[in-house]
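Enquirer: Single-letter residue listing:
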Amino acid sequence: MNSEKRFIGTFEKGSSLWGDAWVRLSKNKLALAGLGLVIFFCGVSFLTPWIAPYGYEEQNLVLGASPPSSQHLMGTDIFGRDLLTRIMYGGRISLFVGFIATAVALVIGISWGAIAGYLGGRVDAFMMRVVDILYALPFMIFIILLMVVFGRNILLLFFAIGAVEWLTMARIVRGQVMSLRKQEFVESAYAMGLPRHIIIIRHIVPNALGPIIVYATLTIPNVMLLEAFLSFLGLGIQPPQSSWGLLINYGVETMEEYPWLLIFPGLALSLTLFALNFLGDGLRDALDPRTSID
Amino acid sequence: MLRFALGRILQAIPVLLAVITITFLLVHSAPGGPFSADKAVPPEVLIALEAQYKLDLPLWQQYSGYLGDVLRGDFGPSFKYPGRTVNELIATGFPVTAELGIYAMLVAISIGVIAGVLAAVRPNSIQDYVPMSLAMIGICMPSFLLGPLLVLFFGIYLEWLPISGWNNMPGDKILPAITLGTGYAAYVARLTRGGMIEVLSQDYIRTARAKGLPEFLIVFKHGLRGGLIPVVAFLGPAFAGMLGGSFVVETIFDIPGLGRFYVQAAFNRDYTMILGTTVFFAGLIIIFNIISDILAMWMNPRLQSKTHGPEK
Numbered sequence: 005m006n007s008e009k010r011f012i013g014t015f016e017k018g019s020s021l022w023g024d025a026w027v028r029l030s031k032n033k034l035a036l037a038g039l040g041l042v043i044f045f046c047g048v049s050f051l052t053p054w055i056a057p058y059g060y061e062e063q064n065l066v067l068g069a070s071p072p073s074s075q076h077l078m079g080t081d082i083f084g085r086d087l088l089t090r091i092m093y094g095g096r097i098s099l100f101v102g103f104i105a106t107a108v109a110l111v112i113g114i115s116w117g118a119i120a121g122y123l124g125g126r127v128d129a130f131m132m133r134v135v136d137i138l139y140a141l142p143f144m145i146f147i148i149l150l151m152v153v154f155g156r157n158i159l160l161l162f163f164a165i166g167a168v169e170w171l172t173m174a175r176i177v178r179g180q181v182m183s184l185r186k187q188e189f190v191e192s193a194y195a196m197g198l199p200r201h202i203i204i205i206r207h208i209v210p211n212a213l214g215p216i217i218v219y220a221t222l223t224i225p226n227v228m229l230l231e232a233f234l235s236f237l238g239l240g241i242q243p244p245q246s247s248w249g250l251l252i253n254y255g256v257e258t259m260e261e262y263p264w265l266l267i268f269p270g271l272a273l274s275l276t277l278f279a280l281n282f283l284g285d286g287l288r289d290a291l292d293p294r295t296s297i298d
Numbered sequence: 163m164l165r166f167a168l169g170r171i172l173q174a175i176p177v178l179l180a181v182i183t184i185t186f187l188l189v190h191s192a193p194g195g196p197f198s199a200d201k202a203v204p205p206e207v208l209i210a211l212e213a214q215y216k217l218d219l220p221l222w223q224q225y226s227g228y229l230g231d232v233l234r235g236d237f238g239p240s241f242k243y244p245g246r247t248v249n250e251l252i253a254t255g256f257p258v259t260a261e262l263g264i265y266a267m268l269v270a271i272s273i274g275v276i277a278g279v280l281a282a283v284r285p286n287s288i289q290d291y292v293p294m295s296l297a298m299i300g301i302c303m304p305s306f307l308l309g310p311l312l313v314l315f316f317g318i319y320l321e322w323l324p325i326s327g328w329n330n331m332p333g334d335k336i337l338p339a340i341t342l343g344t345g346y347a348a349y350v351a352r353l354t355r356g357g358m359i360e361v362l363s364q365d366y367i368r369t370a371r372a373k374g375l376p377e378f379l380i381v382f383k384h385g386l387r388g389g390l391i392p393v394v395a396f397l398g399p400a401f402a403g404m405l406g407g408s409f410v411v412e413t414i415f416d417i418p419g420l421g422r423f424y425v426q427a428a429f430n431r432d433y434t435m436i437l438g439t440t441v442f443f444a445g446l447i448i449i450f451n452i453i454s455d456i457l458a459m460w461m462n463p464r465l466q467s468k469t470h471g472p473e474k
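As given, the protein sequences belong to chains D and B, one line each in that order.
So the number in our numbering is just where the residue sits in the first sequence, counting from 1, plus 4.
So the number in our numbering is just where the residue sits in the second sequence, counting from 1, plus 162.
Hints are computed from structural coordinates only; laboratory data are not their basis.
Virtual Cβ for every residue (Gly too), placed ideally from N, Cα, C.
Some hints could be false.
To give an idea of the chain B side of the interface with chain D (calculated C-beta under 10 angstroms), a few residues [claimed, not checked]:
#	residue
1	V177
2	A180
3	P310
Based on the provided sequences and hints, a complete structural model is requested.
Expert: Shown next, in the form of structure tokens:
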């Protein structure tokens, strides 16, 4: 009720959809905290090579595994490597995989959904049938299969995860496009003789952007979870590279003696997933109030 | 209704064929043969091995042969466990995985539905915020983190529960079931809340209230049937997710289930095992998706008038 009233109020002042969405988002403390945390983690990851307290390969075998101290805020692992440094470098990979694989999923999903929704008819039926079939495939198993068969490299990981996550995006975009293409501004663009691909790229996709952004924000944590899951099984990121999933895997092996090696990487991953999920929920309420859960 | 069920079953056939074909092609396009990892195999032995597993035939013959075998329910011999068939390995591992999955599902549904109903009855109160925040934690805490933390706390520090094994000690099934079920409990809670809030605002609920029915009956007798539809529709995908999750849980708790076999097969490059288990899992997931779709349809009379499934 309240937000609807405000919507009309700001509309009269002539604020844009985005301005209005921002007003709604900024009322959501949890989402704002999520946004802040996400920006913080991204900033730290970006700056890691310059601000990490120790070198990535730096060992201190004499020290060995030590609990958190003033020298090593999160302690050290069995080789005496600073855990904070390892988590910062691991976060780079985890976040990188999250964003890149989501981008892959976005590109495939948006193109597929937009084309199917815009062309409609038999093409649409066929393209959506493909999505239905792929939906029913056991993907976790397929990703494991891909990683086993073609070796464990990070490019394949992007491809495999991206190839899984585009399906829902395609459905969402198609639904949006179907409702948009009947509207007057699209028809007038068509009447003006604009080619189809220009209409799709210039007029339809930007108007479907709200749900796309919302879903993309919710896809990133899924992707990161998938990467961590694979790395935990030893099928994802390979040493000497590191990710949070891999650090958790190492932490589990020695958790009885050195629990901090499990707790801190776990905290980093959970906090990030938490932040992204709250941000995604907040964005959904702000940008696309009709599809929100409540 | 019957037409819907039949349609869903017919739709499953191309899906299953696609699974078999894609898996088969993937496994056979792997660089290096399945025996190339074994050092110094004499060429004549290699030829004999390849003949034994029919790897010397052209690909399409291998494919049609495999398809025929699978249709007869025969997944062939295992590459890495000589003398054992994939069927035997599945028969050993699957009952364990299924038992784990059932317990985890019980955890997910009981906790999830109770939390979701509590939240929906008084939205935007403490009774809503606390379970929903816990649900968010449940979603953000992956099983491979939750499991070890539970082991650390309840197994090692408190020494209340055994930390690994299956059927060895009383109580050794509790931690795996909770580990696997918690994430889904969280999803179920969110779906229940959403579904119940919508249902409780309907006219027939108001009628029930006007009749003076006790709130308990309104919520559980009239509300739950409609409110649980999203949950029921989620059970199919949840089951698929649990199979994946069981890989991790079985690894953490050292449970001799199919998920652990699968991961081992993946590391050993046991191609027939990978192929067989993938097809088996896919078949199961497809069956569960159909069941959960049909159940959701049966619970929602409004959908039954349409010939097509929900959300096309």
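Enquirer: Under the constraints set out in the numbered hints, which ones does this structure not fulfil?
Expert: none
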